[in-house]
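There are 2 protein chains.
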Amino acid sequence: MKSNEEVVKVALLGSGTVGGGVIKVLKKNADVISQRAGVKIELDKVLIIQSDVGKPILEGLNTTFSFDEIINDPEIKIVIELIGGIKPAKDFMIKAMEHGKNVVTANKDVIAQFGKELFETAEKYNVEFAFEASVGGGIPIIRPLKESLIANHLTEVLGIVNGTTNYMLTKMSENGADYDTVLKEAQSMGFAEANPAADVEGLDAARKAAILASLAFNSRVTLDDVYREGITKITPADIDYAKNLGYVVKLLAVCKDSEKGIEARVHPVFLKKDHPLASVSGVLNAIFVRGDAINQAMFFGPGAGSLPTASAVVSDIMNIARKVSNDVNLHIGCTCFNQKQICSIEDSETSYYIRLLVDDKPGVLGAIATAFGNCGVSLKSVVQTNADEIDHAEIVVITHKVKYKNILDAEDSLKKLSVVDEIRNMIRVESD
Amino acid sequence: MKSNEEVVKVALLGSGTVGGGVIKVLKKNADVISQRAGVKIELDKVLIIQSDVGKPILEGLNTTFSFDEIINDPEIKIVIELIGGIKPAKDFMIKAMEHGKNVVTANKDVIAQFGKELFETAEKYNVEFAFEASVGGGIPIIRPLKESLIANHLTEVLGIVNGTTNYMLTKMSENGADYDTVLKEAQSMGFAEANPAADVEGLDAARKAAILASLAFNSRVTLDDVYREGITKITPADIDYAKNLGYVVKLLAVCKDSEKGIEARVHPVFLKKDHPLASVSGVLNAIFVRGDAINQAMFFGPGAGSLPTASAVVSDIMNIARKVSNDVNLHIGCTCFNQKQICSIEDSETSYYIRLLVDDKPGVLGAIATAFGNCGVSLKSVVQTNADEIDHAEIVVITHKVKYKNILDAEDSLKKLSVVDEIRNMIRVESD
Chain A
63 MKSNEEVVKV ALLGSGTVGG GVIKVLKKNA DVISQRAGVK IELDKVLIIQ
113 SDVGKPILEG LNTTFSFDEI INDPEIKIVI ELIGGIKPAK DFMIKAMEHG
163 KNVVTANKDV IAQFGKELFE TAEKYNVEFA FEASVGGGIP IIRPLKESLI
213 ANHLTEVLGI VNGTTNYMLT KMSENGADYD TVLKEAQSMG FAEANPAADV
263 EGLDAARKAA ILASLAFNSR VTLDDVYREG ITKITPADID YAKNLGYVVK
313 LLAVCKDSEK GIEARVHPVF LKKDHPLASV SGVLNAIFVR GDAINQAMFF
363 GPGAGSLPTA SAVVSDIMNI ARKVSNDVNL HIGCTCFNQK QICSIEDSET
413 SYYIRLLVDD KPGVLGAIAT AFGNCGVSLK SVVQTNADEI DHAEIVVITH
463 KVKYKNILDA EDSLKKLSVV DEIRNMIRVE SD
Chain B
63 MKSNEEVVKV ALLGSGTVGG GVIKVLKKNA DVISQRAGVK IELDKVLIIQ
113 SDVGKPILEG LNTTFSFDEI INDPEIKIVI ELIGGIKPAK DFMIKAMEHG
163 KNVVTANKDV IAQFGKELFE TAEKYNVEFA FEASVGGGIP IIRPLKESLI
213 ANHLTEVLGI VNGTTNYMLT KMSENGADYD TVLKEAQSMG FAEANPAADV
263 EGLDAARKAA ILASLAFNSR VTLDDVYREG ITKITPADID YAKNLGYVVK
313 LLAVCKDSEK GIEARVHPVF LKKDHPLASV SGVLNAIFVR GDAINQAMFF
363 GPGAGSLPTA SAVVSDIMNI ARKVSNDVNL HIGCTCFNQK QICSIEDSET
413 SYYIRLLVDD KPGVLGAIAT AFGNCGVSLK SVVQTNADEI DHAEIVVITH
463 KVKYKNILDA EDSLKKLSVV DEIRNMIRVE SD
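As they're listed, the protein sequences go chains A and B.
Going by this note's numbering, the first sequence opens with residue 63, and the numbers climb by one from there.
Going by this note's numbering, the second sequence opens with residue 63, and the numbers climb by one from there.
Just chain A, with the same shape it has in the complex:
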């Protein structure tokens, strides 16, 4: 271990929410950072974009508009990419590696789509590529998957990895509010963006699912491999039924490895109330992992935010700086040793909650049960309740585990039944 007087110089690309947090943490916690890393970390240059100009956080820092200035500076050993999005972030990371720079990023978009290219570039140029902040914000999950749970055959990763939707579902559950109301509230609190599509339609969570599945199962899963449903169709009625049946409604990233292949999907689920993830509320995130030795583990904390995400970014910087200052060049690199097939969503098996509006007359239940049975869907429970509509009833069915293609068949059959007026919702049940 070298003396604390040694310095490793780093450059930061982007000084937005997370970038600003990194600047603050590097400054405020410089003492413990140099003690623990065994070396001083010096923020040598900050690449700013037009919208960053004049930000108070940049005061006293050496800023530049020139990315070339950064990659051509031989003193800079680590480039921290916090611009986000695909362009120009991806090109910047690749170029930084080509110039021998280690790269730290929080960029889930690039990794979920172009992870393979990034890892191959890192390997080619023998540099480190670290991305703890890309999933779960401040929660340590990437390192635990790459270094702590590695004695296990992992079989399942379930994640609440989007704070916006978890906040919204929590509020809907707490006060019975509907989707539109909680979305507006989330927007006014700054928990949802003006255009909330990436969150509420599950895109953000799907990127994280791709990263988690790739790491857990050692096989590349990209964004395109992830099946995706958002939370826009969740109603107070569904949340009520969930409560009465012993469940909570969560938007989960579900990653499974079985003989059918890898499943990676993001969708709302009915989750048993006593599941460790069920009590994760508000904007908090958690990732639940199942493995053959450990059985289960869960990692919980803030999944976003300036300082929490900076906590993850700076830990990556510190671990690389320690190696740089000791001339150690041992990287774990890409861990996708295998090429497992992706299980199609049609072949994926779960239980389902299905809510129907039906005519309130004798024989309806029989007709519905027969339709399900003919499609190979076996029912675990059926509850009939009054509907607001005259001469109608609601029927809520929980199925046994069944392939999605059977459910799609059943949906077709139900639609053809004259007694079925509407299929009001279908939500997967995570029953394990």
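Source of the hints: derived by calculation from the structure; they are not laboratory data.
Every clue listed holds true.
Any copy will do: because identical chains look the same in the list, a pair fits if it lies in one copy or spans two.
Listed next, the in silico DMTMM-like pairs over lysine to aspartate or glutamate satisfying Cα-Cα at most 25 Å (straight line):
(1) Lys89 with Glu321
(2) Lys467 with Asp287
(3) Lys102 with Asp135
(4) Lys334 with Glu263
(5) Lys71 with Asp354
Since the model is a prediction, treat every value here as computed from it, not as a measurement.
Based on the hints, put chain B in the right spot on chain A.
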């Protein structure tokens, strides 16, 4: 990264519960272990003690009664100490390091008392000393504290780190059973030992508290520094009051760092129902961490057991094997850079729950409130209920935050009051 054909030889000391688990995991998961470590890990020798002889798990393994045979074998790079207890485990670890062996252990007893000596020896002989399994069984917590949360000034670590007592308190809470009944049940289930003292009196948790505090605050805390109360005096009445007041009763390892010094204590607490640790039930463990950047994080999973603990041990072996096979000699080593003072238990501040049996007559409440006030204890809430005893009442007080020495003064004063017949319990409230 070297080819998977390379081999790193390891030796195992002890083939009990955890040792047996390590043998199983190394065998069953050999494929992913060599893929992820980048090298084959070969269990070359197992040191057995008399009670291990003839165990089926040892079949086909190269066993020996001679520790010298292991340390004098230059091929063996990692020694895995899973004998437990101080003697001979500590001497074996020291001698192994003196012979240039890296050491992996689950031994909280030795680390909590002799951590300094072990780290100094590791540094002197330039070997790795890894102990992920010493706290929280399979839960990744040591590595997250040493490598993931390092950008933070950590201020608090709260742990449910003893499965036996958490199981007992969970059962008491679920079905109103008393301490003796749940202890017997825990013993019959194999969750408590015939002599349960180390668990129920908080000794096991105190060892883990010492390790957690040392890592979190970068300053050596030993077992002797940890204040300790067990769960033997917890009654169904206390658990009932907790429920009614919005708390659960948990045995917590509490580690805090403030300007008063480091607090490390193990005792029952009233914990708010919505605290992330409150829903951790049964034999499961969890460690909750607070830091200035991340705010909060929690790590949850099985805190004991053969395979879960082996999951942690084998991950340590794999990380060292990767370095050994790449001739990399960079260890984080001891992280106790500071010498912070320990805050005396008398100066530690919490709220308290205090339950008193008093005479049921006018003026009692006033006398008690005055006695508290005179000792500098300010009350947050007071509830009076009927007692089973004729002409008596129970008074339950929740105090504001106050130093323990004031509570001890108040206890003395209360005992002197003729209207106070019994101080039935005093339990700290973790109110943050």
